[in-house]
Amino acid sequence: MIFAALPLLNSMYFSLFDTDTDDGAARFVGLDNYRYLFTNPTTSERFWNALTNNVEYFAIHLVVEVPLGLLLAALLTSGRLRRSTGVYRTLLFIPTTLSVVIVGFIWRLIINPLWGLVDFPLLGDERTALPTISLMSVWQYVGIPMIFLYSALLAVPADILEAARIEGAGAWTAFWRVKFPLIAPQFGLIAILTYIWTFNGFDLVFALNGSAPGPNYSTDILGTLFYRTFFGSSGQVADLDLGAAVASVIFLIILVITGAYFWLLHRRLRSYEL
Amino acid sequence: MTAVARARGSERAGSLVVHGLLIVFTLLAIAPILLVVINSLKTTPAIFEHPFAPPGAGTFSAGGYERVFQRGHFVANYRNSLIVTVTSTMLTLVLATLAAFALTEYKVRFAPLVGGFFVAGIMLPIRLGTVPILRTMISWGLMDTLTALILVYTAMSLPLAVALLMTYFRAVPGDVKEAARMDGAGELRTLSIVLPMVRPGLAAVASVTMLPIWNDLWFPLILAPSQENQTVTLGVQQFVGQFLNDYPALLGALTLGALPLVVLFVVFSRQFIQGLSQGIGK
Amino acid sequence: MRALHASVALVAAALVALSSACSPSAGSGSGKVVLTLGSWRTEDLAMWQDEILPAFEKAHPTIDVKFSPTNTNEYNAAIQSQVDGGTGPDLITCRPYDVNRSWIKKGYFEKLDGKPMLDGFEALALDPWSDDAGSHYCVPTAAVLAGFYYNKDIFTELNLKVPTTQDEFLAVLKAIKDNGKYTPLAVGAAESWQLAYNGLYSIGPAYWKGEDGRQGLIKGTKKVTDPDFVAAFTAFDAWKPYLPKGFESLKYADMTQLFALGKAAILPDGSWDINQVAVGNLHVGVFGPPAVSAGGDRYVQEMPDMAIGINAASKHKAEAETFLAWTATPEFQALYTNKLPGFFSMGKQPITYTNALAQSFADLKKGAKLTPRLGLDRLSAGTPPFDDEVEAGRGCAGPRPGTSPHDAEAARKEPRPCEGLTTGTSSPSRCPRWRST
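Protein chains in written order, with numbering that gives the first Met the number 0: chain A, 0 to 273; chain B, 0 to 281; chain C, 0 to 436.
These aren't lab readings, by the way, just hints derived from the structure by calculation.
Misleading hints may appear alongside valid ones.
Unchecked claim - Residues of chain B placed beyond 10 Å of chain A at every Cβ, according to the derived structure: (1) 13; (2) 24; (3) 48; (4) 58; (5) 72; (6) 74; (7) 143; (8) 250.
As the list claims (entries may be wrong) - Across the chosen pairs, the derived CB separations fall in these ranges: (9) 68(B) to 57(C): 19 to 29 Å; (10) 82(A) to 89(B): 25 to 35 Å; (11) 218(C) to 255(A): 32 to 42 Å.
Since the model is a prediction, treat every value here as computed from it, not as a measurement.
Glycine is no exception: its CB is placed at the ideal position from the N, C-alpha and C atoms.
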């Protein structure tokens, strides 16, 4: 018991690193920073804009990336492949191993109206810039839900699948009635992780559009808003206290939804477990 | 057609569909990367004039790679990135396995709280804690060392690794553990018996942990910026100027930088998942 | 598990191989002091390492300097985190005006008042790196100019003359467009900073009378909605029909490449780009922003771009000072500006530039009134920063009136002259919603 508890405590100690919040020396000012964030017309407009953009960013990931990952995982485990599984798996995962600099550069080149394949300035138009970047991110990271759901699918005990096949279930039924419910907890987990990751998202947008991103802030998400507030940009002065307030708000947004997920949904999904 | 032939026919059709779809997606995944590689071997004007053409006689240039090796300290960067990534991943795996096992096994009263703690750890934007982390590293005398990076990355990856492993551990049927315990096995023994069953989980966690560490720019910048200690990702940045980019060199550096991760990933994932067919059946 | 062991062994072997194969980095000699110079100019690394630093180290054999650049997007954040945490390079390259003032306030720099190295510079040159009380913290290194590169061959082919007034400028653009072979203006809107720096802030001063307009905004006596400024916005807007297709997502690199490949006739750009534009067989010339009307005053944007200061937490301040003093000498300035054409010395002593294009650029200053970029001194220190607002307004048709009031923010932050910017009516729905006071 003790032996098991030690690593637990060890881990807890390390995770202290993550929970360092620093509200700045202006703490005695109380909730002023937050009030300022929400009432000053400029900052509040930027904040709500970033929030709405982030929601859209998340929605695209949820609707495109996760189902795509599921599809790929299902294809890889469909039992039709034999030797080539490893090859496909590796190749499909390679975009995820790339740094955002490559991803940004190459996709920007492909959709560049001057040199690339596309006529319409996708990244320059307010309406299309955010979906375009979201899809680039999906392209890069689809490997992650794919790998997770793939390993979850692999863990489905063979005898259950055997039993289903004997009872005459076709591939489609076998998947949706048998495999999917058994991986429901992992699926739910990936969904909520996607939520967390997109709301903490930053790298690709920053690499492509800098810290004040998008045609007219249309690709500004919470992560870049935080970075710009906390660290400033080449023309803008940093505001540490406001930045800390922004970060705390982001954290709260993530916390509330994640908490709700775990309390409400995850338990029910786990009821499918063996 | 006999029933068997029909079944076989539909099976083949099914295989075709599966292969077809996978090929489409794979092409979609790989084609852009090939673009980077072929463009890294061209001269700058050629990159922009005909970005999709492979390097021809007139446009071929290994100049980018030359500059990468001259200007950058590529071998050193590789070594640093390898050390940091592999060590952090190993550490994370070991600690997370122990922690996840403990958390799923023992109904300790504060287990949900600790679990929540970890989940909170996933959610926090780590850059916020940059200054306190920096100060801590200085006070421990770890400034500008790879050790600092390893500590930070392990701490950063642990929450997610623990949470993920917990789901895999929970999926292990209870009777296996019961049986082991009744045979008198100690805790560690039980863990080692259960381990093969969560191997895919370990592979998944290793993959997810490795990636952000290797590709991270921020912490190497802050904690280990000197040239001897630079990681590959940081080293590539020097080819991205304020106004000007040295494109061939940049692309060359990016290609070289991406390669090890692919190799690492292949090595790790194959090892873990390969043993799966033996582990799961039991 | 054997396979796992095998893979671990493989990785370990690779590490050993790499460790032995990697050449040890240049070890510092015993007794030598090693200084680090932080900067955002990653593209200058080669110059510093090969030409500039060896010159310094020959004259000062006990001091080694390492040029350690960080990508410009991360530079501010990196410096701030490092210095706040107690480290940071010994020598810090200073951003101009507002960002630097906030750094001065946080105590990043050593005060340089009274040191002889400052004598080589006019007060105006030292101003962007001083605090409100007039104390100086950084030694100026270089300034940049904004202008218009043009392809001489295209001009000859289409029988065009270098424009001197706005009307002539528009006529030239129209002629190129009508001809159809080339894009008149190589401008992309995806990187907003350069719309501001090389566009509005370059041709604008002719309308708001340079320093008159800029100081007026700072003091609060003028507003961005005044007719002069609106005229500038309108003139800038007149460029729109002459931009390349899909300009909204073209980045700075695309613009430069478009010009360098000979497909565009005119590139509004800064002097720092000389090496990128004058490539291959291209015959490139440069002309200044057109005057409003014939015989009117010419204005040129001269922007003090960088300076170097001493980190207050540095452990080698004496040596850092020696280096800094060296950068104030004409020898350094000549070396630096000639190795990096497009950067101009800010010292009192005039330098002749070996690069012909750089010299033409510098010649633009003769007879013109000079002014730095509009939005970078004080106007971008509040919320929202003026710079960001101008940049955000791109793509909107019609004059962009202004931004939300700074007053509340200014009062909250620190006493500062009221910016006096007000808002105006909004433009079509795609444009930012300007708030009224």
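Report the numbers of all earlier hints that the structure fails to satisfy, in ascending order. Hints 1, 2, 3, 8 and 11 contradicted; others consistent.
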